[in-house]
Amino acid sequence: RKEVEQDPGPFNVPEGATVAFNCTYSNSASQSFFWYRQDCRKEPKLLMSVYSSGNEDGRFTAQLNRASQYISLLIRDSKLSDSATYLCVALLNTDKLIFGTGTRLQVFP
Amino acid sequence: DAGVIQSPRHEVTEMGQEVTLRCKPISGHNSLFWYRQTMMRGLELLIYFNNNVPIDDSGMPEDRFSAKMPNASFSTLKIQPSEPRDSAVYFCASSQGSQAGAMYNEQFFGPGTRLTVL
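So the sequence lines, in the order shown, correspond to chains A and B.
Residue 88 in our numbering sits at position 88 of the first sequence, with consecutive numbering throughout.
Residue 21 in our numbering sits at position 21 of the second sequence, with consecutive numbering throughout.
Worth flagging that the hints you see were computed from the coordinates, not collected in a lab.
Don't take each hint at face value.
Stated by the list, open to error - Straight-line Cα separation of at most 16 Å, EDC-like style, residue types lysine to aspartate or glutamate; simulated pairs:
#1 A:K96 <-> B:D56
#2 A:K2 <-> B:E44
#3 A:K45 <-> B:E106
#4 A:K96 <-> B:E106
#5 A:K96 <-> A:E3
#6 B:K78 <-> B:D63
#7 A:K96 <-> B:E44
#8 A:K96 <-> B:D57
#9 A:K79 <-> A:D57
#10 B:K78 <-> B:E62
#11 B:K78 <-> B:E14
#12 B:K78 <-> B:E18
Sequences and hints are given; from them, build the entire structure.
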């Protein structure tokens, strides 16, 4: 089983829709979590960190459920520019970042 | 400000040849990471340095891979000899922070080197 698992998608949604991705992690020792965004043939960029209490940044909301070992990302009012691959990342102990293989989002007009 | 710089952007080589990938981290960042990305395995950490010292190279696939960081502004990843299964996009990333804290901080990725080994 992979340490960080994501549904590869693609998720095809119309502009203005709300879409949610989940990511599960297998190691309960994982300490910190992040969402990175990667555009096609580009480098990953940090979208947001995921805090235990949940956090929001504009249209984006990240949640952590330690009991069930999953992280979620909610995108409200989807824009065409949100089309990208979203990478879930877990920090194991303090020294090992594990990336998921990503969930692809395609927002259409 | 310049971000992380990688060269070359594309490399096509034949099996058995030596390949050297180069990276210049963001000035002032003291942690540097080398990643490999493939469709099947996603993004995998190969090695990371803190203050030019290799901290964890457990992700380096085998002895054919080696990485150096001779100073704070330059790192290389070398594959010798290269094989077709090494074909991937190789990213370099840098971040600020101590050895203990580097992983918690945002990593800034370079544009990557797309390597094709025929």
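Hint check:
As the CA atoms of K96 (chain A) and D56 (chain B) are separated by approximately 9 Å, the hinted pair is consistent with the 16 Å bound. Restraint check: the Cα-Cα separation between K2 (chain A) and E44 (chain B) comes to about 12 Å, which is no more than 16 Å; the hinted pair holds. Under the criterion of a C-alpha separation no larger than 16 Å, the hint pairing K45 (chain A) with E106 (chain B) is consistent with the structure, at around 9 Å. Among the hinted pairs, K96 (chain A) with E106 (chain B) is consistent with the structure: their alpha-carbon atoms are about 14 Å apart, no more than 16 Å.
For a cut-off of 16 Å, the pair hint linking K96 (chain A) to E3 (chain A) stands: about 11 Å separates their Cα positions. Taken as a hint, the K78 (chain B) and D63 (chain B) pair is honoured in the structure, with Cα atoms around 10 Å apart against an allowance of 16 Å. The hinted pair formed by K96 (chain A) and E44 (chain B) meets the criterion: a straight-line CA distance of about 10 Å does not exceed 16 Å. Only pairs whose Cα atoms come within 16 Å are accepted, and K96 (chain A) paired with D57 (chain B) is accepted, the gap being roughly 11 Å.
A threshold of 16 Å between alpha carbons decides the hint, and for K79 (chain A) with D57 (chain A) the separation of about 15 Å falls inside it, so the pair holds. Among the hinted pairs, K78 (chain B) with E62 (chain B) is consistent with the structure: their alpha-carbon atoms are about 12 Å apart, no more than 16 Å. With a CA separation close to 15 Å, the supplied pair K78 (chain B) and E14 (chain B) stays within the 16 Å bound. Of the supplied pair hints, the one linking K78 (chain B) and E18 (chain B) holds, its CA atoms being roughly 7 Å apart against a limit of 16 Å.
In the structure shown, no violation is registered for any of the earlier numbered hints.
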